[in-house]
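Number of protein chains: 2
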Amino acid sequence: MHFFKHKNGVLHCEETSVESIAHDVGTPFYLYSYRTLVRHYQAFDEAFKDLPHLICYSAKANSNVAVLRTFINQGSGVDVVSGGELFRALHAGADPATVVYSGVGKREDEIRYALQERILMFNVESYQELHVINGVASTMGIQAPIALRVNPDIDPKTHPYIATGIKQAKFGIDVDRALEWYREAQGLPHLTIRGVSCHIGSQLTEIGPFVEALKRVKELVLKLGDEGIKVEYMDLGGGLGITYHQEEPPHPQEYASAIITEGKALPCTFIFEPGRVIVGNAGILVTRVLYTKEGDKNFVVVDAAMNDLVRPTLYGSYQEIVSVTAKQGDEMVADMVGPICESGDFLARDRAMPCFEPGDLVAVMSAGAYGFVMSSNYNSRPRVPEVLVKDGVFHVIRERESYADLIREEHIPSFLEE
Amino acid sequence: MHFFKHKNGVLHCEETSVESIAHDVGTPFYLYSYRTLVRHYQAFDEAFKDLPHLICYSAKANSNVAVLRTFINQGSGVDVVSGGELFRALHAGADPATVVYSGVGKREDEIRYALQERILMFNVESYQELHVINGVASTMGIQAPIALRVNPDIDPKTHPYIATGIKQAKFGIDVDRALEWYREAQGLPHLTIRGVSCHIGSQLTEIGPFVEALKRVKELVLKLGDEGIKVEYMDLGGGLGITYHQEEPPHPQEYASAIITEGKALPCTFIFEPGRVIVGNAGILVTRVLYTKEGDKNFVVVDAAMNDLVRPTLYGSYQEIVSVTAKQGDEMVADMVGPICESGDFLARDRAMPCFEPGDLVAVMSAGAYGFVMSSNYNSRPRVPEVLVKDGVFHVIRERESYADLIREEHIPSFLEE
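Here the protein sequences come in this chain order: X and A.
Heads up: the first sequence is residues 3 to 420, going by this note's numbering.
Heads up: the second sequence is residues 3 to 420, going by this note's numbering.
With the rest of the complex left out, here is chain X (with noise of 0.2 Å):
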């Protein structure tokens, strides 16, 4: 449940009107809830109450250092998966005590950088990068916390681009590997073993993958038992999926119920790394129509395009369209276009909407995870600002860019002066 509602015919984020924040800040902008972030949090947290866990929110959803303030202030730990991130992270406030570090590409520097900052365990994706873990913190005169990342060949039935827990996936360690690989790290001196991880796929919409999926890695962590290797953190990934149109995923509720009844049992700290299921409805892109053309095919022209939010264009994703100022009367199938030099940029296809016209504002909903931190400056559009809505109060929490911040980082060699 997000509050974003029709009031007196305009839509409102909370108790703030659209149209006003338009108004002030122009098109197109992010929007966001706070309030609603809040209890999208909560909701998910109060779920797992009866196990021990920790939630890291995947701050690639969403990295607005704002935004990863709230959750951090809700007790939020956080998933990163770059030095990026985890900069953004330690600049948001986050104790490193509670910061995972996932991902298949890891640099040696952000492995120095995650090691100096004391962060709690390494998500580890291959033997090479076991080894070059042990490697720097050897270096460093330090223990370098770790757990290895399972993949336990779970189809989740999402779209292939973040399907990530399959065989045919770059991500993790073939399971059956796993506990032959878990002995090596025990035996390497600057490695200390603090967990277990897997992660599946993200927009998950059905309950049945993760169990399977912690099926399999429990019986690893009993296999490690038995030897000795002890496993303070399971960490479970996120990839719980949202409504973005028609997809009808479980409540955290009863993903967590399902969770704890196959988990309890475990003498372990769960981890969690909700990003979408926490963000995804809690923001929305706002733009406005330019130009309409009408012919053998309708377009609705907007200003916001692809460089803003590329999931329609990148997944083919179903983004709900809603007309800020409530119309009446008939309605158009239409594609809303973007301003961008390419076919592939529209928000939408082929959909019926409101009969838009020429400085009408949209609101492009569901767009708080994968959309700012996708976005680009293709055709050398600067990028919209974020806004975040509490008490009635608009914050922008990122400013829009300038045409000279496009330069900002160019320069044009003495040689091409002359």
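Calculated directly from the structure, the hints in this document are not laboratory data.
Honestly, I wouldn't trust all of these hints.
When chains are identical, the list treats them as one kind, so a pair holds in a single copy or across two.
Cut-off 20 Å, straight-line C-alpha distance, at most; resulting in silico cross-link-like pairs (EDC-like, lysine to aspartate or glutamate) [unchecked claim]:
| no. | residue 1 | residue 2 |
| --- | --- | --- |
| 1 | K266 | E234 |
| 2 | K169 | E296 |
| 3 | K299 | D155 |
| 4 | K299 | D157 |
| 5 | K299 | D176 |
| 6 | K169 | D352 |
| 7 | K169 | D298 |
| 8 | K7 | E48 |
| 9 | K232 | E221 |
| 10 | K266 | E221 |
Everything numeric in this text was worked out from a predicted model, so none of it was measured.
Following the hints, put chain A in place on chain X, whose structure we already have.
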């Protein structure tokens, strides 16, 4: 033909070792060859020497200010598609009288900016835009120079995302209605008709569709002449393809011959907007192997990712993979993937490649167009530098972003600090 070749077993950009640049600037980075840029520009320009013409380099392919300046020094104008690209072109020293402004979503402030700067002309994409431009010019008390972009409904046989001249695309004006709209434009007091334009797609590998489009537009120009509407500029857009893998696109010389044959009788100056054909093979992305993973499927994990080069993920594009240090011996079949936490993050899939090892340098070829310009900070990865080689010297023309750059525009509101 480009100037990236192995010499003594090491890939060179012109006379400069790619390994030595990587040593100095770190990886990943984009690397451009000045000699290749100039050669490609001149080959294109030379091919049209028998036709009155203006080349307006298409900034969207690669808009680095040093790259723009390179072409401007050669006499090029610039094709821009946003206020940001206009800003870049002017910063790079373009003469506004050689700038054309294309794109379906021009905002009023962008139109005003372009009018203030006195650009050559707007390529108008819709009926409403015609009136908006007239209105903005009216408030400024000036005349706006325009061409109508007609959509000739030609299938360019390219990726659907970059096919732009078909009826199902958002671009341009139905060729059958164009005459009527030209008449209307002539009646609007603040418009000056300067040309006709069309653009049918990108990465075309056949000449036929270009000639077909020209034929249709030519008919229109002749009809306009009959009505006393003079067309000074005939803008044929860009779209000529390059060899990424096994494509055999026509040489600019062949393309030019066909266009000249069909177009020479027209009393117009022709405008061409080449982008990819000039810069595509003049740039590479250099990355380093971090890890290899062998199993049911082999993976080579490198330090560049889909945020740096999105074409393989977005369009399924083929980019050639070359070892910077020539490797003898066996090959392997593997996926080359980046550190981003998506299965969609790959640079090559199921590809025969040298048996790479951690530390090896890899060149991703043909990355000069739609490479850096589409890059993002996804997974909080700082954007990579761009480097230009000329006469044995390399110049960093865009600096690597820092972690601090990632959050420069962000704020944590005070209510979260309590």
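(Q) Name the hints, by number, that the structure is in violation of. (A) Per hint list: single violation, 8.
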